[in-house]
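Enquirer: Line by line, the protein sequences give chains A and B. Just so you know, we're using our numbering here: the first sequence kicks off at 1 and counts up by one. Just so you know, we're using our numbering here: the second sequence kicks off at 1 and counts up by one.
Hints are supplied without guarantee of correctness; some may be wrong.
Claimed, not checked - Listed next, the in silico DSSO-like pairs over lysine-lysine satisfying Cα-Cα at most 27 angstroms (straight line): (1) K254/B / K273/B; (2) K144/A / K297/A; (3) K52/B / K82/A; (4) K273/B / K79/B; (5) K52/B / K19/B; (6) K273/B / K82/A; (7) K219/B / K234/B; (8) K219/B / K254/B; (9) K144/A / K234/B.
Don't read these hints as lab results, they were simulated from the structure.
Here's the letter readout for the chains.
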Amino acid sequence: MDSRAFTSRSRQGRRIAFIVEKLAQRSGGAERVLIETANALAARGHSVEIITHEYRGAPPFYPLAPGVMLSNLRNLHRSRLKRRIDGARSLLERAPDVPGLDRLVWFSRHGSFWRQLSAHLQVMQPDVAVAFMPPAISALALAKIPPSVRRVASIHNVPEQEFMNPERWDSSRLDRRRRLELLSRFDRITVLLPEHRDWFAPDLRPAISVIPNAIEPVPPERIAAAARENVVMAVGRLATVKRNELLLEAWSRLAPEFPDWSLQIFGVGPLQDQLAARIEASELQSAHLMGHVPDIKDRYLRSAILAHPAEFEGFGLAPAEALAAGLPVVGFADCSGVNTLVQDQINGLLVPGEGDRVANYASALASLMRDGALRARLGAQGPASMSVYAPPIIIDGWEQIIFGDHAPELRDMSRQGAV
Amino acid sequence: MTYALDVLMPHYCHPLGLKQSLDSVARQTWRGRLRVIVVDDGSPEADFNLAKEHCDEFRRTSGFDLLLLRNETNLGRPKTRNRLLDAVEATHVAWLDAEDVWYPEKLALQFEHLARLEYQGVDINRMWVTCNYHWRQYGRTTRVAQITSGDQLREILLGAKLRAYLWTLLGTAESFRIAGRFDERLPRLQDLDYFISFVRAGGRLSTPPGAGPLCRYYKSDVGRAASDVRDSYKLILAKNRPVLRRYPPELASKLHFKANWLGARFARANGHKRVAAAYLVQAAIDSPREAIHTLRWIISKRFHGGK
């Protein structure tokens, strides 16, 4: 008889719950990272459930791999009574942000999420629960769950923006205060960059680990065979923070000098109409809004430059993917989440934020557009600079964070392997 | 040696049933590289020794390999099944419970169907091939069809057209990864939970077209604690509450009724009439609509033969 040792639960086959408030048809970077991480952990043999709390019943924008379950805690069937209560609550939630009333408003906005999350996690009893972004982080912090369940908060933007900006998430002062206070209830906290950890209070720092986003390497033969056109591309949500207006302004100065070049802006967002009107008003025939495309990774191989003039990034997925595809990136030196990835004159250009930003940016773009040899030199360094973010390395890091006995020291991970 | 198929068999205190099942594996017309893995769940020494003899005989006479493992103590069915999953090395997996029987063509027809699906471009790592079967209970044998068309999750939950029985299945080892591991909190109905997890996580079931019953299930309600059955069913419903909400509320009501109804059935089979009555009362309280519907059906059946 075989007497091999029997372990009732190996490291594989652990139960992981990812929690995010909204996922239906959301094409943001954090949603993509969540799904890619969930898919990769499922492929390693873990049981993965993604828990949401939203009224939209649509599927996620990014595909779920086999083995990942999706559970929406919201009851999509609203009885007449519940619809009336919802109406009264929406009136209450418009009440002024004053002490006393703010607690009631906060409970109306967020109470359902954490109560339902409590009930669900008590039944499911995962080994670990990982909350992505502040609404889910607060809900998980408040949820009454067995102490055996490890709580992980995963922060996917610049902490100051996530925790202090009144225009992001719930605008009430109470919520901003709670968001930060509740972090102390977590066993682990993940941030994207080493400098993000330094923003938090010293008592939280021991629980914080740096885990950047995973970037899929592009095979060298595909990069070598890339037929690049005279295209400057920009990728991201059409929102103020991405500074597409600035890019169009810079382009309007460059277009007369570079008639055989075009600007392609990929993505959708609230500024779409405004940007379209801007292009039309300036008669910028070489600038195009491309919307969402399914083959964005192929577009990196057909373009010559990635323009990324964003104000700030948690971890710039588009610049990272462009660098992995051998595309030089032009960003601002004061843009966090881009200045970690782009090294000036090595794999791209970092434009100074001082002085006239538009003029500086246009000048940097022009220098690259004029100089094919410079583009080739910078582009050649991109893939190696992104190798440290290869998915197996990042998923190993996730496994360490969510199952390991100690928070791993990944402090310098994002700088390892830099060229 | 790389096996093409691992047949996973949990065993506890039923060596004759194990022999019956092993004999049915030995008679399979499919003669690929097959290995049976038996995990004995801490049976008493006498039962284990007998089971070991049957395993040895299977190795000698069938031409197939067999790996016999043993839990030092009785850990229960879900842990034993997880141990079986841990032992898988083959590219394909099938399950068989001690006493149940495969008909000789079962594996051949299921492998043929899997190959057909692959040829059609279906991702077979998301597929389980199930089959029609014979149900043997109270001295009667009934033919049961597994109907895989329509909303498979709903049909598995209802358990009328599509039932969750592991011993009907054949799939790639990768396809079984989709369902994860068996929930060790469930003393009963692990099959149901496992099937639900599989379908919810992107898996699909398929039946070989035109094939008759390919196995025989020996069903018994005796000796199984009614509370285990009912509580397991309730836990499964609680785990899947978010997905139940996608359906009209009548479905959840029906399933909660069924949990108590099942508990009553097992209690009655074990002679616990008061417990059975208590579950029926609970069923009526939990789901009055379903209780009235069932009562009407019983009366109709009694007086009009169910027509």
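Enquirer: Now tell me if each hint is right for this structure.
Expert: Okay, the hints, checked on the actual structure:
1. Note on K254/B and K273/B: the hinted pairing holds, with a Cα-Cα distance of about 23 angstroms set against a maximum of 27 angstroms.
2. Using a Cα cut-off of 27 angstroms, the hinted pair K144/A and K297/A is violated, with the two alpha carbons roughly 42 angstroms apart.
3. Restraint check for K52/B and K82/A: the C-alpha separation of about 61 angstroms exceeds 27 angstroms, so the hint is violated.
4. Straight-line distance between C-alpha atoms of K273/B and K79/B comes to about 31 angstroms, which puts the hinted pair past the 27 angstroms bound.
5. Our distance criterion of 27 angstroms between C-alpha atoms is met by K52/B and K19/B, whose separation comes to about 10 angstroms.
6. For the hint linking K273/B to K82/A, the alpha-carbon distance of about 41 angstroms lies beyond 27 angstroms, and the restraint is violated.
7. Note on K219/B and K234/B: the hinted pairing holds, with a Cα-Cα distance of about 22 angstroms set against a maximum of 27 angstroms.
8. For the hint pairing K219/B with K254/B, the CA-to-CA distance comes to about 23 angstroms; that is within 27 angstroms, so the pair holds.
9. For the given pair, K144/A sits about 21 angstroms from K234/B by alpha-carbon distance, which is consistent with the 27 angstroms threshold.
Hints 2, 3, 4 and 6, counting from the list given before, are not met by this structure.
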